[in-house]
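Chemist: Chain order of the listed sequences is A and B.
Mapping of the first sequence onto the numbering used here: residues 1 to 81, in sequence order.
Mapping of the second sequence onto the numbering used here: residues 1 to 380, in sequence order.
If you are wondering where the hints come from, they were derived from the structure by calculation, not from laboratory data.
Owing to the predicted nature of the structure, the values given are computational and were not obtained by experimental measurement.
Beta carbons are placed, not taken as given, at the ideal position from N, Cα and C, and that holds for glycine.
Among the clues, some could well be false.
The calculated BS3-like cross-link candidates involving lysine-lysine, where the alpha carbons are at most 30 Å apart (straight line), are [as the list claims (entries may be wrong)]:
hint, chain 1, residue 1, chain 2, residue 2
1, A, Lys61, B, Lys13
2, B, Lys353, A, Lys47
3, A, Lys47, B, Lys264
Far from chain A, some chain B residues (derived; all Cβ distances over 12 Å) [stated by the list, open to error]:
hint, residue
4, Ala10
5, Lys106
6, Arg307
7, Lys353
8, Leu377
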Amino acid sequence: MDDPKEKIRGYFARLFRNVDLQDDTDIFATGFVNSLMAMQLVMFVEKEFDLTIENEDLDLKNFNSINAISSLIKRRSAVRV
Amino acid sequence: MKIELTPQQASDKASFRAFVDNYIVPHADRFDRQQSIPLSLIKRIGKQRYLGLHLPVQHGGEGKDMITLGLLHEEVGRGCSSVRSLLTVHGMVAQSILRWGSGLLKERWLSRLARGEVIGAYGLTEPNVGSDAQSVETRAERFRDFYLMNGQKKWISFGQIADVFLIFAHCEGKPTAFLVERDSPGLSIKPISGMLGTRAAMLAELHLNDCRIPKENVVGREGFGFSHILPITLDFGRYSVAWGCVGIAQGCFEACIRYAGERKQFGSYLKDYQLIRKMLTDMITNTKAARLLCYQAGYYKDVGDPRTLTETLIAKYFASTMVARVANNAVQIHGANGCSSEYSVQRYLRDAKVMEIIEGSTQLLEVSIAQYECQNLALT
Numbered sequence: 001m002d003d004p005k006e007k008i009r010g011y012f013a014r015l016f017r018n019v020d021l022q023d024d025t026d027i028f029a030t031g032f033v034n035s036l037m038a039m040q041l042v043m044f045v046e047k048e049f050d051l052t053i054e055n056e057d058l059d060l061k062n063f064n065s066i067n068a069i070s071s072l073i074k075r076r077s078a079v080r081v
Numbered sequence: 001m002k003i004e005l006t007p008q009q010a011s012d013k014a015s016f017r018a019f020v021d022n023y024i025v026p027h028a029d030r031f032d033r034q035q036s037i038p039l040s041l042i043k044r045i046g047k048q049r050y051l052g053l054h055l056p057v058q059h060g061g062e063g064k065d066m067i068t069l070g071l072l073h074e075e076v077g078r079g080c081s082s083v084r085s086l087l088t089v090h091g092m093v094a095q096s097i098l099r100w101g102s103g104l105l106k107e108r109w110l111s112r113l114a115r116g117e118v119i120g121a122y123g124l125t126e127p128n129v130g131s132d133a134q135s136v137e138t139r140a141e142r143f144r145d146f147y148l149m150n151g152q153k154k155w156i157s158f159g160q161i162a163d164v165f166l167i168f169a170h171c172e173g174k175p176t177a178f179l180v181e182r183d184s185p186g187l188s189i190k191p192i193s194g195m196l197g198t199r200a201a202m203l204a205e206l207h208l209n210d211c212r213i214p215k216e217n218v219v220g221r222e223g224f225g226f227s228h229i230l231p232i233t234l235d236f237g238r239y240s241v242a243w244g245c246v247g248i249a250q251g252c253f254e255a256c257i258r259y260a261g262e263r264k265q266f267g268s269y270l271k272d273y274q275l276i277r278k279m280l281t282d283m284i285t286n287t288k289a290a291r292l293l294c295y296q297a298g299y300y301k302d303v304g305d306p307r308t309l310t311e312t313l314i315a316k317y318f319a320s321t322m323v324a325r326v327a328n329n330a331v332q333i334h335g336a337n338g339c340s341s342e343y344s345v346q347r348y349l350r351d352a353k354v355m356e357i358i359e360g361s362t363q364l365l366e367v368s369i370a371q372y373e374c375q376n377l378a379l380t
């Protein structure tokens, strides 16, 4: 699959317009994430990459950076194939 | 863009309406007076497969879309808000398991919930905690292969009869959602009566004293109760309540049309007076506007669009505030009759007030919609 990072970067760039977010920046440490955003992020990933986030994926390590989300997407996509 | 029900959705809506007119409308005022819903009706609702309408077929549900689910909740809401509350809280529990439950929990609960063999209820609020959900005082501690939970939940709709509760608690500092079965050791249930509205929703207090919960009954993971389980369950609840408000408003309008066409004052039917027509016009317009917001939220749910979370907040806010005005005017049109137990509009008014409090108070939504919508605009 294509590298999902570009789409994830775009998502966060629109969300945090004045924040310089690197691929390894801890997004939860920015203090901008609220509970609605956490669930919206799950829905964005599922819709954009056509996969399902399962309960065993509920780990902050899977969502705390662009790199982490990208890895999760690749793992989930591999499972689907 | 096409805003029109599919033939199947229109057919389902007609079936829902017929069911409600046959089995709920004629008895709803009695349910309200008796402060309970007969178990025979709940069984009948289960038999109709209404308790698992949106659940996937593989889990025993009907696999219907969220618009169809909304149509059901509108029709049931038109008949009796207390019965609609059952669909709401039961659906919130099922939704939590469907979305974040383990394979074991899905297997154990979903098909039974879908068939109505077990009833689910939602345990978030407490004596000291309403809107400020993150401050729940209920605590759970891991002990060997289970958890011990201590605390108290209050205002739990259908707590008097539910078989399983979705309970939110802090687990060693981590917000967590648990399924707690009715027969769990350490759980005691105390009925609540004398509420203003949705009086037949069989509310209860739950007392958890060293309540023992198997470790596999965590929904999702420890620490994700408020960030992932709470939002999707409240989203379901708000969607249901918003549709239920449309139903109450529709009920008000239909009652007023009947009454204004039969009641004469000063030699003319009420419907012929311009000030009465103005109130009816406001009812029609606001009910239709709320229904459209519900369609929008439902459409986003069906296509998996993250904007559904804020669209549902907006639908719930608009629908619950408009129905309070609509029901108030419905009583006004009915005059003294509207204040009597002989007419359902007094029940609609009491039930409508409750809609502004549950699943996010009007004031909480007034603060959060602007914040969240700004966030959505960034993503558009």
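Chemist: Hints first: check each against the structure and report whether it holds.
Modeler: Hints versus structure:
{"no.": "1", "hint": "Lys61(A) - Lys13(B)", "in the structure": "violated (44 Å)"}
{"no.": "2", "hint": "Lys353(B) - Lys47(A)", "in the structure": "violated (37 Å)"}
{"no.": "3", "hint": "Lys47(A) - Lys264(B)", "in the structure": "violated (57 Å)"}
{"no.": "4", "hint": "Ala10", "in the structure": "holds (28 Å)"}
{"no.": "5", "hint": "Lys106", "in the structure": "violated (10 Å)"}
{"no.": "6", "hint": "Arg307", "in the structure": "violated (8 Å)"}
{"no.": "7", "hint": "Lys353", "in the structure": "holds (27 Å)"}
{"no.": "8", "hint": "Leu377", "in the structure": "violated (9 Å)"}
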